[in-house]
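Asks: Residue numbers (our numbering), protein chains in the order written: chain A, 1 to 573; chain B, 1 to 477.
The hints are simulated quantities; they were obtained by calculation from the structure and are not laboratory data.
Virtual Cβ for every residue (Gly too), placed ideally from N, Cα, C.
Please note that a few of the clues may not be correct.
Claimed, not checked - With a cut-off of at most 25 Å between alpha-carbon atoms, the simulated DSS-like pairs for lysine-lysine come out as follows:
{"no.": "1", "chain 1": "B", "residue 1": "K442", "chain 2": "B", "residue 2": "K328"}
{"no.": "2", "chain 1": "B", "residue 1": "K205", "chain 2": "A", "residue 2": "K35"}
{"no.": "3", "chain 1": "B", "residue 1": "K10", "chain 2": "B", "residue 2": "K35"}
{"no.": "4", "chain 1": "A", "residue 1": "K103", "chain 2": "A", "residue 2": "K35"}
{"no.": "5", "chain 1": "A", "residue 1": "K93", "chain 2": "A", "residue 2": "K35"}
{"no.": "6", "chain 1": "B", "residue 1": "K205", "chain 2": "B", "residue 2": "K61"}
{"no.": "7", "chain 1": "B", "residue 1": "K441", "chain 2": "B", "residue 2": "K328"}
{"no.": "8", "chain 1": "A", "residue 1": "K218", "chain 2": "B", "residue 2": "K205"}
{"no.": "9", "chain 1": "A", "residue 1": "K187", "chain 2": "B", "residue 2": "K407"}
{"no.": "10", "chain 1": "A", "residue 1": "K103", "chain 2": "A", "residue 2": "K137"}
{"no.": "11", "chain 1": "A", "residue 1": "K137", "chain 2": "A", "residue 2": "K29"}
{"no.": "12", "chain 1": "B", "residue 1": "K6", "chain 2": "B", "residue 2": "K34"}
{"no.": "13", "chain 1": "B", "residue 1": "K131", "chain 2": "B", "residue 2": "K198"}
{"no.": "14", "chain 1": "A", "residue 1": "K106", "chain 2": "B", "residue 2": "K205"}
{"no.": "15", "chain 1": "B", "residue 1": "K49", "chain 2": "B", "residue 2": "K34"}
{"no.": "16", "chain 1": "A", "residue 1": "K572", "chain 2": "A", "residue 2": "K280"}
{"no.": "17", "chain 1": "A", "residue 1": "K244", "chain 2": "B", "residue 2": "K198"}
{"no.": "18", "chain 1": "B", "residue 1": "K205", "chain 2": "A", "residue 2": "K25"}
{"no.": "19", "chain 1": "B", "residue 1": "K274", "chain 2": "B", "residue 2": "K244"}
{"no.": "20", "chain 1": "B", "residue 1": "K88", "chain 2": "A", "residue 2": "K43"}
{"no.": "21", "chain 1": "B", "residue 1": "K112", "chain 2": "B", "residue 2": "K35"}
{"no.": "22", "chain 1": "A", "residue 1": "K218", "chain 2": "B", "residue 2": "K198"}
{"no.": "23", "chain 1": "A", "residue 1": "K43", "chain 2": "A", "residue 2": "K503"}
{"no.": "24", "chain 1": "B", "residue 1": "K61", "chain 2": "B", "residue 2": "K10"}
{"no.": "25", "chain 1": "B", "residue 1": "K205", "chain 2": "A", "residue 2": "K43"}
{"no.": "26", "chain 1": "B", "residue 1": "K35", "chain 2": "B", "residue 2": "K6"}
{"no.": "27", "chain 1": "A", "residue 1": "K168", "chain 2": "A", "residue 2": "K265"}
As the list claims (entries may be wrong) - Derived coverage of chain B by chain A (criterion: at least 3 residues anywhere in the stretch with Cβ under 8 Å from a Cβ of chain A; other residues may be distant):
{"no.": "28", "region": "202–210"}
{"no.": "29", "region": "374–383"}
Said to hold, decoys possible - Label pairs and their calculated CB-CB ranges:
{"no.": "30", "chain 1": "A", "residue 1": "K277", "chain 2": "B", "residue 2": "F73", "range": "57 to 63 Å"}
{"no.": "31", "chain 1": "A", "residue 1": "M87", "chain 2": "B", "residue 2": "G324", "range": "27 to 33 Å"}
{"no.": "32", "chain 1": "B", "residue 1": "F73", "chain 2": "A", "residue 2": "V95", "range": "24 to 30 Å"}
{"no.": "33", "chain 1": "A", "residue 1": "P110", "chain 2": "B", "residue 2": "R444", "range": "24 to 30 Å"}
Single-letter residue listing:
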Amino acid sequence: MSAPAQPAPAPAPQAPPPVETMTVKVNGKTVQVPKTHPDWQGKPQPATMLQAARCAGVDIPHYCYHDKLPVAGNCRMCLVEFGTPMMDPATRKPVLNEDGSPKIAKSVLPYEPGTPRGAIACATPISPGMEIYADSKATLQMREAVLESLLINHPLDCPICDQAGECKLQEYSVQHGQAGSRFVEAKVHKPKAVDLGPRIVLDDERCVLCTRCIRFSKDIAGDDALGIVNRGSYNTISAFETGKFDNNYTLNTVDLCPVGALTSKDFRFKMRVWFLKESKSVCTSCGTGCNITIGSREGVVHCYEPRENDAVNGPWMCDSGRLNYKWIGRADRLREVLVRGTRSTWSAALQDLTVRLSKAPAGSVAVVASSRQTTEELYLLKKLAARTGATTDSVAREGEADRLLVAADRNPNSNGARLTGISFTEAGIRIPEIAAAIEAGTVKTLVVFGEDVTKHGIPAATLAKLETLFVSDILPNATTALATHLLPGAAHAEKRGTFVNVKGRLQKFMKAVEAPGDARPEWEFLHELVHGVTGQNGYSTIEGLFNQMAREVPAFAGLEWAKIGDTGVDVKI
Amino acid sequence: MPEQFKLITKHIDELGYTPDIACYLRHGGYAGLKKALATPVRELAEGKKLSPQEVVREDVKASGLRGRGGAGFSAGLKWSFVDRRSGKPIYLICNADESEPGTFKDRQIIHKDPHQLVEGMIISCWANDVKLAYIYIRGEMPEGARLLNQALKEARENGFLGKNILGTGFDLEIHVHRGAGAYICGEETGLIESLEGKRAYPRIKPPYFPAVLGLYMCPTIVNNVETLCHVTHIVNMGAAEYAKLGTPNNTGTRIVSLSGDVMRPGYYEIQVGKVTLGELIHDANFGGGLRPGRTLKAIIPGGSSSKVLKAGEVFKLNRKGADGQMAKVDVPLLDLPYDFDSLQQAGTMSGSSAVIVLDDSRSMVETLGNLSEFYAHESCGQCTPCREGALWLAKATHRLAHGEGRKADADYLSHIAQNIQGRTICAFGEAASWPVLSFVKKFRDEFEAKGAADEAARAQGAGPVHGVKMAASPNHH
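Let's have the full structure, built from the sequences with the hints guiding it.
Replies: See the structure below:
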């Protein structure tokens with residue numbers, strides 16, 4: 001149809017022009033509706049009945065309609081009875097009731113004037129004076145009839161369906177459906193457990209043929225891989241090549257699917273959705289920072305789902321980012337504080353490090369941080385480095401950008417590292433310098449957070465020359481193996497903090513699960529270390545720490561933790 | 001005694017009349033095109049001027065020509081809706097996807113007089129500034145497609161098609177596109193999607209009205225084969241003269257496809273409204289009556305999707321009396337003039353002008369089972385009510401027709417059908433539900449008797465109501 005949608009740019013700060021509105025009635029309530037609304041690509045289009053109803057706080061049920069997809073109009077669930085002001089054909093003026101109000105002509109079938117005619121709210125533009133009857137007897141009957149049609153051939157297998165609990169068929173059946181079925185014919189049978197692609201399984205019997213998945217793949221992901229085969233009631237969603245539905249966005253179709261037809265191979269049969277705790281977070285797989293909801297239960301992360309943010313990712317996320325959560329629960333997570341290979345305690349290890357860093361002569365310390373750390377942690381590391389006159393840098397991590405969401409920068413917080421002064425325009429540029437200084441014996445203490453520096457220019461042999469190798473990480477690697485002081489850190493899902501994405505969107509994320517063993521959020525122990533080394537008081541809460549950082553880091557001037565919404569704020573990068 | 005009036009079919013069945021251009025030219029072919037291209041500018045009373053193209057468009061409107069495909073909408077009005085200011089090309093598509101059961105009129109023109117269609121198309125394209133047009137022909141008519149391609153080639157060779165037609169500077173190309181066997185491709189927006197290479201899913205209206213957002217999102221005219229042929233005759237005869245054919249608001253001629261239980265099934269061209277249903281069935285010039293010993297049971301008057309009429313019905317029609325006033329007049333079924341308005345007033349439609357006659361040997365339940373199976377098979381499945389409802393209706397009628405009926409099935413069928421009509425993307429919802437609604441309404445006793453008999457038989461030991469397997473399967477297209 002047209003080019004795939006890019007996530008909408010952040011809204012311009014200037015005051016918007018006055019909005020032209022139209023007056024309509026929804027369920028008897030007069031409401032002013034902006035004449036245009038953004039379509040799926042953000043282009044202004046005449047307001048529809050569905051949007052007018054939303055303005056009135058009325059939600060019209062629908063399956064196929066989605067704000068960010070081209071309109072299909074096929075499910076017919078949003079059919080509503082409506083009326084328009086009656087016009088005198090001779091004078092072209094509105095006909096009035098006795099009380100002076102405009103007379104309304106209700107929509108009827110042209111060939112059967114006694115029968116109300118519905119219009120699909122998702123695609124029917126409003127007109128001045130229109131009345132929308134979203135809860136009239138006729139509307140409710142149309143809804144009930146559509147639901148009946150959708151259910152006659154549905155397998156009704158909710159007890160074994162992954163969608164149960166977040167299924168629009170279930171929800172609308174409760175709200176608008178009938179209790180019993182009068183269908184006495186044989187049901188249509190269709191393919192079950194179809195292997196659509198490496199990450200998707202399709203149950204065609206559950207499918208309501210809303211075509212959301214087809215439209216997403218074609219118009220958003222740019223991969224015209226899905227379609228419908230057969231005809232009529234035998235219509236079946238199918239991949240162009242079975243098993244080959246394999247772009248990096250396929251799992252969005254599972255989110256889009258209003259029923260249990262499309263399921264994620266990774267998630268299916270693992271967890272009932274109502275058991276999941278939902279935590280607002282941000283994906284860490286690249287610099288885009290897609291907003292996500294982490295689904296967890298009893299300390300275990302089970303899934304990521306995209307969380308809508310038009311300034312960043314819209315309602316989508318990539319498959320690679322979505323599935324990149326299993327490391328959080330890996331069995332070999334670092335869970336013990338180790339000093340020279342021996343289990344220690346936080347207080348002993350931090351005391352030892354405080355003494356060492358306090359005594360270290362200027363220029364004898366270097367810091368290699370990670371742009372996977374939170375802005376607050378990077379800020380604390382920078383404070384520590386400043387006190388000890390340390391050279392700092394972080395590790396660059398580049399990949400290939402795609403046309404939709406994946407950024408070339410595979411670190412979630414490169415801009416956080418830059419803005420706090422940890423790294424420079426080109427991240428990692430000073431690592432060779434640090435390696436040389438270790439070799440030369442000038443740098444005797446190296447602080448490494450969240451990176452295996454042996455893979456980034458400081459070989460193990462060089463590390464062996466250090467007096468102190470202070471490492472904090474989440475998973476074991478060649479650098480952690482050589483650490484004199486090893487402090488187990490927390491994954492983003494285990495703490496709160498902020499990232500600044502490639503476009504300068506500062507976004508906060510919430511804690512979903514506890515860190516394993518003795519592991520602690522880095523900002524907590526860094527705060528203690530900074531206090532010990534510099535003697536300055538800091539903040540022991542993330543709110544206080546962030547606000548302190550905002551006062552000191554120019555790019556964050558004026559920001560407050562409490563005032564950053566769930567979708568973040570733009571900062572100057 | 002009413003007779004045929006052969007305008008479109010004038011030469012079609014003459015001995016020695018062949019579909020090649022030499023024969024067409026010998027019979028005065030392409031005179032209409034030459035006349036159209038030479039149309040002078042028309043000065044109007046108010047000092048306005050109509051361009052030659054506007055003159056022809058006005059004449060088509062003035063002729064009263066109504067679409068012969070099924071909806072009976074004014075052809076001139078349809079043309080007037082075309083967005084001529086968009087800056088986009090305007091396309092014209094000839095809908096030759098004739099598939100409505102009972103209809104076999106367009107195929108006569110295509111097979112026997114293809115140049116008549118080509119000429120009508122060239123005039124229509126010229127009048128509407130169309131430079132590229134398509135003939136979407138039903139896939140089951142390969143010979144028709146071959147003949148049309150041959151006719152287009154001949155027209156091109158004779159300077160009627162291609163660049164600089166007849167030296168006027170007008171360029172036009174026409175392509176033939178064959179369908180692949182789906183009834184829904186005859187729905188104009190489904191046809192457009194199909195022509196674009198997609199699955200023939202009808203488009204939602206609004207916003208995709210073909211006159212504004214048609215083929216490739218450009219303004220598009222879709223006209224039936226017979227409709228386009230009439231344009232040539234309007235040009236040849238003049239709008240006023242043409243409008244004298246037929247009856248007021250139902251002008252011109254129509255080819256009626258007469259089938260079913262009559263002695264002489266076939267196609268008959270009549271002046272619209274000048275022949276009654278009774279004459280079509282009984283007159284020697286037309287159907288020649290029912291088979292010996294049979295009585296009339298029902299008439300499906302406008303293709304299989306039109307509502308059935310029952311023998312003996314009397315309709316209240318608006319008629320202008322001797323005093324010039326409109327009055328309701330009782331008109332028995334067989335006296336219904338065969339035209340757009342009378343049939344509409346009788347609660348049905350002339351549709352594609354296919355008259356299917358059923359005599360007393362026919363079971364209405366089985367007949368409906370046949371029709372419903374067709375519509376279940378042809379539902380494109382895009383929108384919910386039709387996709388699920390059409391097959392539901394087919395399964396229920398099939399069950400009733402095959403001994404598994406219930407007395408309650410009459411209501412069951414009506415309720416299902418009522419939930420389809422008016423709630424779908426295209427008029428297929430009506431096509432699938434109208435036969436059911438009208439059959440059950442007018443022959444309720446027959447449906448209830450069948451259901452009651454099945455119930456009684458089951459009470460004597462047969463099994464419970466259970467789904468009967470349908471012949472139609474997903475791979476049966």
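Asks: Each hint should be assessed against the structure and marked as holding or not.
Replies: So, going through the hints one by one against the coordinates:
{"no.": "1", "hint": "B:K442 x B:K328", "result": "holds (22 Å)"}
{"no.": "2", "hint": "B:K205 x A:K35", "result": "holds (20 Å)"}
{"no.": "3", "hint": "B:K10 x B:K35", "result": "holds (20 Å)"}
{"no.": "4", "hint": "A:K103 x A:K35", "result": "holds (23 Å)"}
{"no.": "5", "hint": "A:K93 x A:K35", "result": "holds (22 Å)"}
{"no.": "6", "hint": "B:K205 x B:K61", "result": "holds (24 Å)"}
{"no.": "7", "hint": "B:K441 x B:K328", "result": "holds (23 Å)"}
{"no.": "8", "hint": "A:K218 x B:K205", "result": "holds (22 Å)"}
{"no.": "9", "hint": "A:K187 x B:K407", "result": "holds (22 Å)"}
{"no.": "10", "hint": "A:K103 x A:K137", "result": "holds (20 Å)"}
{"no.": "11", "hint": "A:K137 x A:K29", "result": "holds (17 Å)"}
{"no.": "12", "hint": "B:K6 x B:K34", "result": "holds (22 Å)"}
{"no.": "13", "hint": "B:K131 x B:K198", "result": "holds (23 Å)"}
{"no.": "14", "hint": "A:K106 x B:K205", "result": "holds (19 Å)"}
{"no.": "15", "hint": "B:K49 x B:K34", "result": "holds (21 Å)"}
{"no.": "16", "hint": "A:K572 x A:K280", "result": "holds (24 Å)"}
{"no.": "17", "hint": "A:K244 x B:K198", "result": "holds (21 Å)"}
{"no.": "18", "hint": "B:K205 x A:K25", "result": "holds (23 Å)"}
{"no.": "19", "hint": "B:K274 x B:K244", "result": "holds (12 Å)"}
{"no.": "20", "hint": "B:K88 x A:K43", "result": "holds (21 Å)"}
{"no.": "21", "hint": "B:K112 x B:K35", "result": "holds (24 Å)"}
{"no.": "22", "hint": "A:K218 x B:K198", "result": "holds (13 Å)"}
{"no.": "23", "hint": "A:K43 x A:K503", "result": "holds (22 Å)"}
{"no.": "24", "hint": "B:K61 x B:K10", "result": "holds (24 Å)"}
{"no.": "25", "hint": "B:K205 x A:K43", "result": "holds (20 Å)"}
{"no.": "26", "hint": "B:K35 x B:K6", "result": "holds (22 Å)"}
{"no.": "27", "hint": "A:K168 x A:K265", "result": "holds (21 Å)"}
{"no.": "28", "hint": "202–210", "result": "holds (count 3)"}
{"no.": "29", "hint": "374–383", "result": "holds (count 8)"}
{"no.": "30", "hint": "A:K277 x B:F73: 57 to 63 Å", "result": "holds (59 Å)"}
{"no.": "31", "hint": "A:M87 x B:G324: 27 to 33 Å", "result": "holds (28 Å)"}
{"no.": "32", "hint": "B:F73 x A:V95: 24 to 30 Å", "result": "holds (27 Å)"}
{"no.": "33", "hint": "A:P110 x B:R444: 24 to 30 Å", "result": "holds (25 Å)"}
Checked against the numbered hints given earlier, this structure breaks none of them.
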